[in-house]
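Which chain is which? The protein sequence lines are A and B, in order.
Throughout, my numbering is defined as the position within the first sequence, counted from one, plus 10.
At position 76 of the second sequence the residue is numbered 58 (my numbering), and the sequence of numbers has no breaks.
Check each hint, because a few of them may be wrong.
Unchecked claim - Cβ pair distances, simulated, as ranges:
| id | chain 1 | residue 1 | chain 2 | residue 2 | range |
| --- | --- | --- | --- | --- | --- |
| 1 | B | T(-6) | A | Q139 | 48 to 54 Å |
| 2 | B | F26 | A | K114 | 38 to 44 Å |
| 3 | A | D89 | B | G98 | 19 to 25 Å |
| 4 | A | K114 | B | L53 | 51 to 57 Å |
What the hints contain is simulated information worked out from the structure, not anything from laboratory work.
Glycine residues also receive a C-beta, built at the ideal position from the N, C-alpha and C atoms.
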Amino acid sequence: MSLDARIVVRRAGFTLDLELSAAPGEVVALLGPNGAGKTTALRALAGLVGMADGHIALDGVRLDRTPPEHRRIGVVFQDYLLFPHLNALDNVAFGPRCRHVPRKQAREQAREWLDRVGLAEHVRKKPRQLSGGQAQRVALARALAAEPKLLLLDEPLAALDARTRLDTRAQLRGHLSSFPGATVLVTHDPLDALMLADRLIIVEDGRIVQIGDAATITAQPRTDYVARLVGLNLYRGHADGTDVALTSDFSIVTATPQQGDVFVAFRPSAVALYPTRPDGSPRNTWPARVTMVSRHGDALRIELDGPIAVAADVTPAAAVQLDLAPGREVWAGLKATETTTYPAG
Amino acid sequence: MPQRLTEPGILTALRLSLETATIATGVCLVLGVPLAWMLARVEFPARRFVRALVTVPLVLPPVVGGVALLLVFGRRGLVGEWLDSAFGVTLPFTTAGVVVAEAFVAMPFLVIAVEGALRGSDARYEEAAATLGAGRWTTFRRVTLPLIAPGVAAGAVLCWARALGEFGATITFAGNFPGRTQTMPLAVYLALEQDVDAAIVLSLLLLVVSVVILAALRDKWVAA
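Could you build all of it, start to finish, from the sequences and the hints given here?
Here it is as structure tokens:
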């Protein structure tokens, strides 16, 4: 049950154009900022919006002209859309009933699914009597009970509070790993994507900007959006050996020699701050001015201006010692070994 | 006064009124709910025109409506002539004619209420049903209709009430034959010409019956 698709949807002032594939059992996450077209892509796959161009094939069978009810593509909607007039059991039995399974048998199947998601005691409850986490699980059971070939999840955890989210994410991961078909997941939360997906597709402004597994994406981001998601400083430059020119008059020294257009990434915690120009150890130093100070976990995140804009993490003690406040002039230092360099384009 | 109520003609008129209004409501439901669904959910070029047409009976004087019905369904009418020659069916001046006249006048009340309910209901539930494998009809029957049931019920009650009080189109299209086409409003009008007291009694009777039935229906269906 593999998916192979190219989705093209045109709207006034916006074009979505994505190529998408997923192997049986694979979970692919579409990750991107709001308005990137992720949900539209999902709706196009399900047949709920028309495509201007492209194709959708499941197991080599073209589906782009098939109406949604015959696609066998299950959807868990962002706000679940459980039928308010039916109880949890009949919501889940709806899919089997549509495939002409007799009522009694359909309810039996629904009961098994609800049991599997841990809601055996809540079969008689109406959607409005369920908590957010329970409703999410009913929605998942309802989609799976229809025996889809492809499962689509639209921001499956976005409507939940932080605590429920943690538990539900772990359970969802279990259910997805036992689902034999391909899964496409849409989210703007990098943690959801990293935890749930085997492969990430980063979408910005209707286009794919990066594809890769969690390790690659977090180590080698290719756009500012991804770099911010994974918390790295990212620059594009021109490399000549270990010298990388980031602007016309500012270059840094990296650890691995490269040639041509490259990305340079480093952690905010790798940037050291000094009151005066340091001598000796770091290979890269430059004067900078503090623009913003904010909390970031146990550390303080310092945004700096200068030849390059950079984020640095320092301990509160160091911040006090350096008297870091917006407007303060400092020197930034970065060891060559703390940088990662990889080809761009 | 009590003996006036037990006069056979009056009870016949009352029963005829209740029966025809109920059947007319049924006709309106069968024709009006799909029409409302089309107006609310399907994009088609003549939609604005059809919507305007649906509301015409609201602004048309019922007598004019009756004349229009005669032109269409009369013995020499557009459809009536064909109905007569093909099936031997004539509508004017029959009980069926009363039902047609009442349905014609009462239909907008149902269509407007149901269309409003459809517009107010979230169409994404229908999308969810489609992804679960439900075709249009299954979706309509198992998702859309239950969600708009209160709106349909309210529309049906309004429709029934309007049909019960119908006078102009009925007397024009179906005439005033006791036992066959003489409904309560017609009986009241006739009584008014001969015996004012009788007209008042009949009016009060119609009022009481209507209020009792409407109150019962509203509590049952439109309570929420």
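Quick rundown of the hints versus the structure:
1. B:T(-6) with A:Q139: 48 to 54 Å: Between T(-6) (chain B) and Q139 (chain A), where Cβ atoms are some 51 Å apart, the hint holds.
2. B:F26 with A:K114: 38 to 44 Å: Given range 38 to 44 Å: holds, Cβ gap about 41 Å.
3. A:D89 with B:G98: 19 to 25 Å: Holds - the Cβ-Cβ distance for D89 (chain A) and G98 (chain B), about 23 Å, lies within 19 to 25 Å.
4. A:K114 with B:L53: 51 to 57 Å: The hinted range 51 to 57 Å holds for K114 (chain A) and L53 (chain B), with Cβ atoms some 55 Å apart.
Taken one by one, the earlier hints all hold for this structure without exception.
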